[in-house]
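Trainee: Line by line, the protein sequences give chains U and W. Each residue of the first sequence is one higher than the one before, starting from 6 at the first, in the numbering used here. Each residue of the second sequence is one higher than the one before, starting from 6 at the first, in the numbering used here.
It is worth saying that the hints were derived from the structure and are not from the lab. It should be emphasised that the depicted structure is a prediction, and the values quoted were computed from it without experimental measurement. There could be a bad hint or two in this list.
Since the list gives no way to pick one copy over another, a pair counts as held whenever it fits inside one copy or between any two copies.
[Claimed, not checked] Calculated cross-link-like contacts (lysine-lysine; reagent style DSS-like; alpha-carbon spacing at most 27 Å):
| # | residue 1 | residue 2 |
| --- | --- | --- |
| 1 | Lys177 | Lys32 |
| 2 | Lys381 | Lys26 |
| 3 | Lys38 | Lys376 |
| 4 | Lys32 | Lys130 |
| 5 | Lys396 | Lys32 |
| 6 | Lys32 | Lys58 |
| 7 | Lys368 | Lys16 |
| 8 | Lys26 | Lys312 |
| 9 | Lys166 | Lys21 |
| 10 | Lys177 | Lys26 |
| 11 | Lys32 | Lys312 |
| 12 | Lys16 | Lys26 |
| 13 | Lys166 | Lys332 |
| 14 | Lys21 | Lys130 |
| 15 | Lys16 | Lys32 |
| 16 | Lys166 | Lys38 |
| 17 | Lys16 | Lys177 |
Protein chains: 2
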Amino acid sequence: MMNFEYYTPTKVVFGKGTVEKAGELVKQFGGSKVLIHYGGGSVKRTGLLDRVKAALDAAGIAHVELGGVVPNPRLSLVYEGIELCRKEGVDLLLPVGGGSVIDSAKAIGYGLANDGDVWDFYDFKRAPTACMPIGAIVTIAAAGSEMSNSSVITNENGWLKRGCNTDYCRPKFAIMDPELTMTLPAYQTACGCADILMHTMERYFNFDVMDLTDALAEGLMRAVIAASRELVADPNNYEARANVMWASSLSHNGLTGCGAGGGDWACHRLEHEVGGMFDVAHGAGLAAIWGSWARYVLPEDPARFAKFAVNVLGVEPQADATATALKGVEAMEDFYRAIGMPTNLRELGVEPTEAQILELAEKCDIATRGKLGAVKHLTREDMANIYRMAK
Amino acid sequence: MMNFEYYTPTKVVFGKGTVEKAGELVKQFGGSKVLIHYGGGSVKRTGLLDRVKAALDAAGIAHVELGGVVPNPRLSLVYEGIELCRKEGVDLLLPVGGGSVIDSAKAIGYGLANDGDVWDFYDFKRAPTACMPIGAIVTIAAAGSEMSNSSVITNENGWLKRGCNTDYCRPKFAIMDPELTMTLPAYQTACGCADILMHTMERYFNFDVMDLTDALAEGLMRAVIAASRELVADPNNYEARANVMWASSLSHNGLTGCGAGGGDWACHRLEHEVGGMFDVAHGAGLAAIWGSWARYVLPEDPARFAKFAVNVLGVEPQADATATALKGVEAMEDFYRAIGMPTNLRELGVEPTEAQILELAEKCDIATRGKLGAVKHLTREDMANIYRMAK
């Protein structure tokens, strides 16, 4: 195992009716005027925005609002948010939404707490030294941005999608009411489950892992798989929603990777390029690629994949580790199908030409600077092979 | 499941050679002059104190020191620490040790950050509103005080042992190098493992638990049991030391109880009185009582104990839940014996008379104000019965 740091300062307030604690939490973390930041109309339709405002009013917290965050949140709206907050004297940011909304708030927070152009931090020109305090009200269980150190923003000038990871942007508090996720369409719920699982799988498929971390990761994955299946039959199952929602935070706050180095992240980066070229949902894109990636890299460490098969998916051990491992990949794909996720690009609705595959591989290789993968280091040719297998 | 809050702001820096980061971490959390707080001579003998001072000197952090913390840390030393820190202008507390030393530092921190007598906070007369920042350098894996909200202090005036639990005292950072725990005697190591397991068992034996929390708790307990066994054979096994040490934090920072209400805590409170009347090690006392408690309360929820037996101890399911549950209790006691822990009071070296048993039960009942136990609410008579079974 390797040395590690674990830092999750976010105060989580989890359960039914917790939205009403928003005002008191803002106060507790020193806020007096907040920006309510959100995406489209769903927070208005469901009445959530009104609940949030009422909770703030009751605590005497002033507020302004900025909606319009889209998936792959845009830099232009971040600039708009920074300007609005400066003008209004906002001292705490209150994103109400999923990963995109929280990521957008993080970027606004960087912009407010540092001089100069906030894009510099995403473009690796400079590092931020602070971030304005953030409290998140989570409505989608997937990205785990409510406890993570990461923020991904898209610059429309060149359509560059870049991330900035620092501890400064970890939210001060997160309100997580599983009931808020019940209005999500089944497909989006399943995409979230796939994303959550992948956040832990990226950390799990690695070398030198720690027994305790493995045990936690395996337990988390089993719980998410069981709850995801339950949600197909009963989208209003509170316990299942709660398990998925809490797992979304724990899967990306670092817990399931402690002692295991940085993780593999090949599936994320391979999907990233597919998402850039075609319009696909992130979680579905991950599911469409995972099986091909797994079969391609499995010979590097059959024992690890066999452990995953037995401990996460309940596969009976076969004659050898490779056979057990392959049964595990099949079982995982069966699970994806059971929750309505694709297991290849065609099922994802994407049929890249050979030229497009080469372009995807080239872009992925350049973006990862020739250093992708922990289980197996992937060359540009490997990447193209995995995309071809995933067709 | 129930609503919950989860708040673990402590930055954990884990692994070999992390002591050398002490100075830079103190700086990062705003300290310029620290109190190095410790227990007996072992931190001097092992050279750890010199390493800490060198790390502080290298970062330009001034320091004063106060040793002499004993198990069941005393209020008189807390007063001495408060006075010393006020005089010296200390702005961050740096306990170097186990739970007692960290708890003592927390009490000093309360005293420094609030007016009046610090004992008021332990005597439930007032609640603190702040605590001076603390950074812990952990040398014993057991109590988990490095991430917890709790501090227990003994007032020599009346020998009152009381706790104060608030989020203010959670350390800002914790340096955890498993190598520092390798010098512990085998008995103390095993006591630590028993304490760690009990912190999760107290939360696990409960109602309305959350599947994800159960999966994490069961994984943690399996990992601790396996590592504890390894340490009997090989006390210098770094991986086993690391698993036990990281589990000590996760077992008492709230993670293994999320959604499960407050926990049972009967074993802790029953042991607390034994520890008050006889001089026993906390972890050993817990092990001595657990089996009797488990057999006594098991009829209330055989299914829960059966789940524990199968998922934590690998027991084969028997004809019914009660039979499986009882096999689990036996397996747990076998484990305690394997690591040199007692499974009854006699093996602990304590043989209470009937009058002493009644006194233990009376004290426990008064201290818990007639409200002990989640699996089964324990009356004073129940407590006496469990003590008798544990003889």
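Trainee: None of the hints should be skipped; say for each whether it holds.
Mentor: Hint check results:
1. For the homomeric pair lysine 177 and lysine 32, the shortest alpha-carbon distances inside one copy (12 Å) and between copies (21 Å) are both at most 27 Å.
2. Taking CA atoms no more than 27 Å apart as the test, lysine 381 paired with lysine 26 passes in neither setting, with 46 Å inside one copy and 32 Å between copies.
3. Taking identical chains as interchangeable, the C-alpha atoms of lysine 38 and lysine 376 are never at most 27 Å apart, the minima being 44 Å within one chain and 43 Å between chains.
4. Taking identical chains as interchangeable, the C-alpha atoms of lysine 32 and lysine 130 lie at most 27 Å apart only when they sit on different chains, with a minimum of 26 Å there against 35 Å within one chain.
5. In this homomeric assembly, lysine 396 and lysine 32 never come within 27 Å of each other (Cα to Cα): the closest approach is 52 Å inside a single copy and 53 Å across copies.
6. For the homomeric pair lysine 32 and lysine 58, the shortest alpha-carbon distance inside one copy (14 Å) is at most 27 Å, but the shortest distance between copies (39 Å) is not.
7. Taking the shortest alpha-carbon separations for lysine 368 and lysine 16, neither the intra-copy value of 38 Å nor the inter-copy value of 36 Å comes in at or below 27 Å.
8. For a Cα distance limit of 27 Å, the shortest separation of lysine 26 from lysine 312 qualifies neither inside one copy, at 42 Å, nor across copies, at 35 Å.
9. For the identical chains of this complex, lysine 166 and lysine 21 are neighbours neither inside a copy (35 Å) nor across copies (37 Å), given an alpha-carbon limit of 27 Å.
10. Proximity of lysine 177 to lysine 26 under the C-alpha cut-off of 27 Å is found in both arrangements, the shortest distances being 14 Å within a copy and 25 Å between copies.
11. Proximity of lysine 32 to lysine 312 under the C-alpha cut-off of 27 Å is found in neither arrangement, the shortest distances being 47 Å within a copy and 42 Å between copies.
12. When the C-alpha separation of lysine 16 and lysine 26 is checked against a cutoff of 27 Å, the pair qualifies both within a copy, at 12 Å, and between copies, at 26 Å.
13. Within a single copy, lysine 166 and lysine 332 get their C-alpha atoms no closer than 36 Å, and across copies no closer than 56 Å, so neither meets the 27 Å cut-off.
14. Taking the shortest alpha-carbon separations for lysine 21 and lysine 130, neither the intra-copy value of 43 Å nor the inter-copy value of 33 Å comes in at or below 27 Å.
15. Taking the shortest Cα distances, lysine 16 and lysine 32 sit within 27 Å of each other both inside one copy (13 Å) and across copies (23 Å).
16. For the identical chains of this complex, lysine 166 and lysine 38 are neighbours neither inside a copy (30 Å) nor across copies (44 Å), given an alpha-carbon limit of 27 Å.
17. Taking CA atoms no more than 27 Å apart as the test, lysine 16 paired with lysine 177 passes in both settings, with 6 Å inside one copy and 14 Å between copies.
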